[in-house]
Amino acid sequence: MAKVLIVDDEAHLRLLYKKVLTKDGHQVLDAATGEEALRLVEQETLDVVILDIEMGDTDGLELLKRFKALKPKLPVILNSAYSIYMADFKTWMAEDYIVKSSDIQPLLKKINEVVAI
Amino acid sequence: MIETTSPVNTGSRAALFEAHLGRSPLGFFYFNNRGQMEFINRSGAEIIGWDKSAAGPASLQDVEDIIHCGLTGRFGQILGGESLELSEHQFVNRQGRFVAMNIYCNSFYAEAGVTAGIFALILDVTDSYRKKVRLEETNYILSVISQVSEAVSSTADIDDVLRVILIGVTAQQGLGFNRAFLFLVNNAENCLEGKMAVGPASPEEAVEVWSRLANKHKTLAELLNEYLVSQESGLPRLHHNIQGWKIPLNENTIFAQALHDGKVINIRGRDNVTPESWPAMDRLGADYMVVAPVISKGNRLGLIIADNQITGRRIADSQVELLQTFANHSAVAVERSQLYDKVLERAEELAEKNRQLALSQEQIIRSEKMAVIGELTSSIAHELRNPLTVIGGFANMMLTTGEAGGNSEYLNIIYAETQRAESVIHQVLDFSRASRTPNCEIEFTQMTAKAFEHLLSKMRFSQRRPRFNPGPAGAMVWGNPDQLHHALFQFMWLTVEETTDECQVEITTAFDKDRAKMTIGFTGCDHTRTKVVKTLSQIFGSTTGTQKLSMLVAGETVRCHGGNYGVEGVEANFPSLYVELPIYQGVNKNG
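So the sequences go chain by chain: L and X. FYI, in this note's numbering the residues of the first sequence are 9 to 125. FYI, in this note's numbering the residues of the second sequence are 98 to 688.
These are computed hints drawn from the structure, not numbers from a lab. Some clues are possibly wrong.
Straight-line C-alpha distance at most 27 angstroms; calculated DSS-like pairs for lysine-lysine [said to hold, decoys possible]:
| id | chain 1 | residue 1 | chain 2 | residue 2 |
| --- | --- | --- | --- | --- |
| 1 | L | K117 | X | K555 |
| 2 | L | K73 | L | K98 |
| 3 | L | K79 | L | K26 |
| 4 | X | K343 | X | K394 |
| 5 | L | K73 | L | K31 |
| 6 | L | K118 | X | K555 |
Derived CB-CB ranges, DEER-like [stated by the list, open to error]:
| id | chain 1 | residue 1 | chain 2 | residue 2 | range |
| --- | --- | --- | --- | --- | --- |
| 7 | L | E43 | X | I477 | 25 to 33 angstroms |
| 8 | L | E43 | X | E465 | 34 to 42 angstroms |
| 9 | L | I92 | X | S520 | 56 to 64 angstroms |
| 10 | X | Q560 | L | A19 | 23 to 31 angstroms |
| 11 | L | L46 | X | Q516 | 31 to 39 angstroms |
| 12 | X | Q560 | L | K31 | 35 to 43 angstroms |
| 13 | X | D598 | L | K31 | 39 to 47 angstroms |
| 14 | X | V521 | L | T30 | 26 to 34 angstroms |
| 15 | L | E44 | X | I477 | 23 to 31 angstroms |
C-beta atoms are modelled at their ideal positions from N, C-alpha and C, and glycine is treated no differently.
Produce the entire structure from the sequences given, and follow the hints as far as they go.
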């Protein structure tokens, strides 16, 4: 069981991931904004963060940098509808980059891998 | 008749003449009726070149031997009352000076009715005569130049211009040389290149041509006009002898010298020319000729060489001057014609460049449209991804966690349709990613080969492998390599997906000077033809949304690159699908 933080501005997506991950046996926290996410990262002992990139006014890649500054060893998995950011070197700080899909299995598999290490 | 009113003896007559006429600027002389000179004044003596101080009387014959005006022959008639009048009578006086004089000679009566002799009045008009001759020559050359200029102004064709110039040099109504040759400077090879020759190649030919021309009784202008209208080929032998002949300018020949110095040279035999000039003179077949450089505003354009090789007539200095003047005026026409040729060449180049620019602009506009479409579709695709993830994610979650209840059929449908929608998004995003690649030159067969490799990597193990028979390499097309790869791959993929294993799909490439073409053909048994036709109609008119969009995107990509696609050979046993693109013609490279 792992403590997972979902950072995404889409409420329904946060609900979906929360449901799926909870059923998979994980403890799930979620944040809709960057501010909220930073507070949780600082205060909580998290095992992995699932981070969206385009969140309205919040830039997920900037947030990634700040997460790593706060907790360098905290694994972050980028999860975006956009595949173009894969080429952006700022994403290399993340453990992985998974494009959003209705098939959530690849994301689940990655979370389990990261947590298991 | 000249009379005196009182009897005067011979001695006093001479003294009388001397007293009244001795210092006159007009020349006078008097011969008695025995043909002996009794008087000549100083002016008269100067005109004739006579030494007045010489001893002894001079006879009429002595004077006639100098002035040659028929005095002795007509002496009796003049004594009888006739007069002798000559204007501008020319002779060389005793001192070797050329003289033109007016002479008026009449009988002289000493007493009423008694003829004593002949009295002559002479006026030296040498200066005015020379001026008149000069004026006539100038008028003549101006007339020739004017007629030739008028003729050359009616054409810009260099061959016509050169021909007209040389007719002007050789025509009897023109400068009257037997033959004329025209060489133009070839700057690239630093030589004089033979361009045109006019004139008979032999005396026999000369007789035939000149008599024909003489019978026409035409002016120079009429002759030139006749040539321009009829475009007669002229005298091929002489012309072929010179055409393409190159005289190097770095050799010490008289021809190079004339051009470098910019001065006309009258060649009178081989003694006064360098031995390097002899081979050219041999080829021209003449030792006596005039070489006149053709120079316009300091630009050395060529040489006109003229000779009288057929008749052997000596080339007078005046003719040499005339030829130089003529060459100077012809230079403008030659230069104008050469410039006209260059202008035509440039105009053609410009027209071609404009055409290519227009094509290029069209392609750029299409590419820009494709890029905008790519950006738009990318935004839309990404925006759709989140909702699809949520819909499909919940459906899948309910199916996998047993929360479906009695709704698993519908949930399966929801999940399947979101998968299909995501597939469309994936293809569209592939296309939009491709839009960002800059345009470049692409080798068509190589690009097709890569698309084929991509196809093989996507195929299921169970599917029948298509064959690839590439044509020769070297067909270059211009465009977005990723977009075109995507398009070719889509055509292949759709074909393979719709084809059953009964058919063997074969992909070939070929090109000609305008188009590069990929053909997807089919081979198999006769009864598979129906299936092939059905396959092709499905590709182009698919009822499933995904394929139709892929086809649309691939097809539009090809069209935006100036290409085309379709089905050919419908009447044949197995129709085939083709995709063609224009061969890159070397248009400016815009990214």
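Results of checking the hints against the structure:
1. For a cut-off of 27 angstroms, the pair hint linking L:K117 to X:K555 stands: about 24 angstroms separates their Cα positions.
2. Note on L:K73 and L:K98: the hinted pairing holds, with a Cα-Cα distance of about 8 angstroms set against a maximum of 27 angstroms.
3. Between the alpha carbons of L:K79 and L:K26 the distance comes to roughly 23 angstroms, so the proposed pair stays at or under 27 angstroms and holds.
4. Proposed proximity of X:K343 and X:K394 is supported: the alpha carbons are some 24 angstroms apart, at most 27 angstroms.
5. For the suggested pair L:K73 and L:K31, the alpha carbons sit about 30 angstroms apart, so the restraint of at most 27 angstroms is broken.
6. A C-alpha spacing of about 25 angstroms is found between L:K118 and X:K555, which places the hinted pair at or below 27 angstroms, so the restraint holds.
7. Hint check: L:E43 to X:I477, Cβ distance near 30 angstroms, so the stated range 25 to 33 angstroms holds.
8. Between L:E43 and X:E465 the beta carbon distance is about 41 angstroms. The supplied range of 34 to 42 angstroms therefore holds.
9. L:I92 and X:S520 have their C-beta atoms about 19 angstroms apart, which leaves the hinted 56 to 64 angstroms range violated.
10. At about 43 angstroms, the CB distance of X:Q560 to L:A19 disagrees with the hint of 23 to 31 angstroms.
11. Distance hint for L:L46 and X:Q516: a CB-CB separation of about 35 angstroms, consistent with the stated range 31 to 39 angstroms.
12. Remark: the range hint 35 to 43 angstroms for X:Q560 to L:K31 is upheld by a beta-carbon distance near 38 angstroms.
13. Against the hinted window of 39 to 47 angstroms, the Cβ-Cβ separation of X:D598 and L:K31 comes to about 43 angstroms, which satisfies the hint.
14. Taken as a hint, the range 26 to 34 angstroms holds for the pair X:V521 and L:T30, whose Cβ atoms sit roughly 31 angstroms apart.
15. Checked against the hint of 23 to 31 angstroms, the C-beta distance between L:E44 and X:I477 comes to roughly 29 angstroms, which is consistent with it.
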